[in-house]
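Using the hints provided, position chain B relative to the given structure of chain A.
There are 2 protein chains.
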Amino acid sequence: MTRGFIIPIGGGIDKVQDPQILRRFVRLCGGKQGRIVVIPTASTERSTGQSYEDLFLDLGVKRAVVLPFDSRADCAREDWLTMLEECDGAFLTGGNQLRLSTTLGGTRVAKILRERNVSGMHVAGTSAGAAFLSEHMIAYGDEGATPRHSMVALAPGLGLTNRIIVDQHFRQRDRLGRLLTALAYNPFALGLGLDEDTAAFIGPDETLEVVGSGGVTIVDPSDIEFSSMHKAEKAEPVSLIGVKLHILVRGGHYNLHSRLASPSALTSDKQ
Amino acid sequence: MTRGFIIPIGGGIDKVQDPQILRRFVRLCGGKQGRIVVIPTASTERSTGQSYEDLFLDLGVKRAVVLPFDSRADCAREDWLTMLEECDGAFLTGGNQLRLSTTLGGTRVAKILRERNVSGMHVAGTSAGAAFLSEHMIAYGDEGATPRHSMVALAPGLGLTNRIIVDQHFRQRDRLGRLLTALAYNPFALGLGLDEDTAAFIGPDETLEVVGSGGVTIVDPSDIEFSSMHKAEKAEPVSLIGVKLHILVRGGHYNLHSRLASPSALTSDKQ
Numbered sequence: 015m016t017r018g019f020i021i022p023i024g025g026g027i028d029k030v031q032d033p034q035i036l037r038r039f040v041r042l043c044g045g046k047q048g049r050i051v052v053i054p055t056a057s058t059e060r061s062t063g064q065s066y067e068d069l070f071l072d073l074g075v076k077r078a079v080v081l082p083f084d085s086r087a088d089c090a091r092e093d094w095l096t097m098l099e100e101c102d103g104a105f106l107t108g109g110n111q112l113r114l115s116t117t118l119g120g121t122r123v124a125k126i127l128r129e130r131n132v133s134g135m136h137v138a139g140t141s142a143g144a145a146f147l148s149e150h151m152i153a154y155g156d157e158g159a160t161p162r163h164s165m166v167a168l169a170p171g172l173g174l175t176n177r178i179i180v181d182q183h184f185r186q187r188d189r190l191g192r193l194l195t196a197l198a199y200n201p202f203a204l205g206l207g208l209d210e211d212t213a214a215f216i217g218p219d220e221t222l223e224v225v226g227s228g229g230v231t232i233v234d235p236s237d238i239e240f241s242s243m244h245k246a247e248k249a250e251p252v253s254l255i256g257v258k259l260h261i262l263v264r265g266g267h268y269n270l271h272s273r274l275a276s277p278s279a280l281t282s283d284k285q
Numbered sequence: 015m016t017r018g019f020i021i022p023i024g025g026g027i028d029k030v031q032d033p034q035i036l037r038r039f040v041r042l043c044g045g046k047q048g049r050i051v052v053i054p055t056a057s058t059e060r061s062t063g064q065s066y067e068d069l070f071l072d073l074g075v076k077r078a079v080v081l082p083f084d085s086r087a088d089c090a091r092e093d094w095l096t097m098l099e100e101c102d103g104a105f106l107t108g109g110n111q112l113r114l115s116t117t118l119g120g121t122r123v124a125k126i127l128r129e130r131n132v133s134g135m136h137v138a139g140t141s142a143g144a145a146f147l148s149e150h151m152i153a154y155g156d157e158g159a160t161p162r163h164s165m166v167a168l169a170p171g172l173g174l175t176n177r178i179i180v181d182q183h184f185r186q187r188d189r190l191g192r193l194l195t196a197l198a199y200n201p202f203a204l205g206l207g208l209d210e211d212t213a214a215f216i217g218p219d220e221t222l223e224v225v226g227s228g229g230v231t232i233v234d235p236s237d238i239e240f241s242s243m244h245k246a247e248k249a250e251p252v253s254l255i256g257v258k259l260h261i262l263v264r265g266g267h268y269n270l271h272s273r274l275a276s277p278s279a280l281t282s283d284k285q
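So the sequences go chain by chain: A and B.
At position 137 of the first sequence the residue is numbered 151 (our numbering), and the sequence of numbers has no breaks.
At position 220 of the second sequence the residue is numbered 234 (our numbering), and the sequence of numbers has no breaks.
It is possible that part of the hints are untrue.
[Unchecked claim] Listed next, the in silico DSS-like pairs over lysine-lysine satisfying Cα-Cα at most 27 Å (straight line):
1. A/Lys46 with A/Lys29
2. B/Lys125 with B/Lys76
3. B/Lys245 with A/Lys248
4. A/Lys125 with A/Lys76
5. A/Lys245 with A/Lys258
6. B/Lys248 with A/Lys248
7. B/Lys29 with B/Lys76
8. B/Lys76 with B/Lys46
9. B/Lys125 with A/Lys258
10. B/Lys245 with B/Lys258
11. B/Lys46 with A/Lys245
12. A/Lys125 with B/Lys258
13. B/Lys248 with A/Lys245
14. A/Lys76 with A/Lys29
15. A/Lys258 with A/Lys248
16. B/Lys46 with B/Lys29
17. B/Lys245 with A/Lys125
18. B/Lys248 with B/Lys258
[Stated by the list, open to error] Simulated DEER-style distance windows between Cβ atoms:
19. B/Gly45 with A/Pro277: 56 to 64 Å
20. B/Ile255 with A/Leu274: 16 to 24 Å
21. B/Arg41 with A/Ser133: 37 to 45 Å
22. A/His271 with B/Ala279: 41 to 49 Å
Note that these hints are calculated values from the structure, not bench results.
Heads up, the beta-carbon is just placed ideally off N, CA and C, and yes, glycines get one too.
Chain A on its own, in the form it takes in the complex (with noise of 0.2 Å):
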């Protein structure tokens, strides 16, 4: 049994000129034969769920279905929840992450997901769909570059992984501090900051790969030698020492395991 893939993207996917995420997506997928839906649960657009269905289906998807999983008592919707159970790939579209794990969080839905992906399902989830993917959701935070204490606020997310925390909009959105400030808080996971219409496809052999026009900034903390954030005050900046970064764009590997990465393939990668 191999995973699916897991794969957070930055927000403000290219749908039109060049959609070089989606059109992978759909191949990873299974190309023509596959089933695709969409979960539009974090917005609150109706238009959101609809225009994914017609983008998948125009790049020629077996199948595409919106399942507009509104509030928990849809969450046990036994003919959606079979959609969610036949289908080759999940997509998480934007919004508000916390409108998705309030939810979400703890129903049926939650735990197909999970048990799907490890079965083999992949997931894909862009902005608020790709912060919702881990464990540790970054629910919501301030902008700019320095890490300050409370300056980000995190939440229990979906949990297909805990071994990195996701952000989104980066570079557009000035968030390095926010992610910065959610590893120090404990610096065992890897910070993965997406920049708009970039993905990073993780694989079942833990190596990610960058699809997209922009970049995905690796944050790891594992090797900080010093940290003031157990001593700053609200608000108060935080000296962090030693922490490693990498910067990847289109066709860069990272391996979340070995902590390796590479702009193109890792020699170890069987993607």
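Frame of chain A; chain B shown alone:
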């Protein structure tokens, strides 16, 4: 292989009059044969670790020793790691939980604690030490009974389990609001509000038993029908409909998996 106990304690442990929590921990660790390490990382007071070492020796264990991991460099000291590998129980003192996560997070100490707990070592923590045990740790927050947006800050903890979110000094510091806020972010976990001098002994069968002079407030958000968390502005109070609450005192049991509570032993309880 049987997992060791996970034992969050609400702070304010009775150490003199009737130290039932420490006694129970010592018995679990093998009594006269028991070897216990004390990890005082949360505290900045030098005497904290020593006082627990003395207490455990007074209670008759074979060995009790303080491992004063004070920096991330300390967490690589082979002599201390060997003692951690060879003990029956680890005890984390109170202080500041962010000192625990920033100092131990991502180091071999955290890894050994997780791995050895899986293979049978018992891990107890009081106050800050209790908050740190789970995957989702309450780092800090505000007082009051009503949940409010931004009332609580979560950070990644040690990760012995992700089923629970722990809060301590619970009744003494009026913390229901911040625990409810943490759970409302994602209603998949269970909340454990621990009064002072009160512990939850969570066994390998996922059944917890209450030990000590106060109560444990168990908050089960799994049936929440409605939450306004995703719509609330900063500091605004939040609606939550359908939260389940249990208060258990000494001898009370609760199964984290079946979510069944009992004022005395559960039928399925094997402890």
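Quiz item: Tell me, which hint numbers fail for this structure?
Solution: 11 and 20
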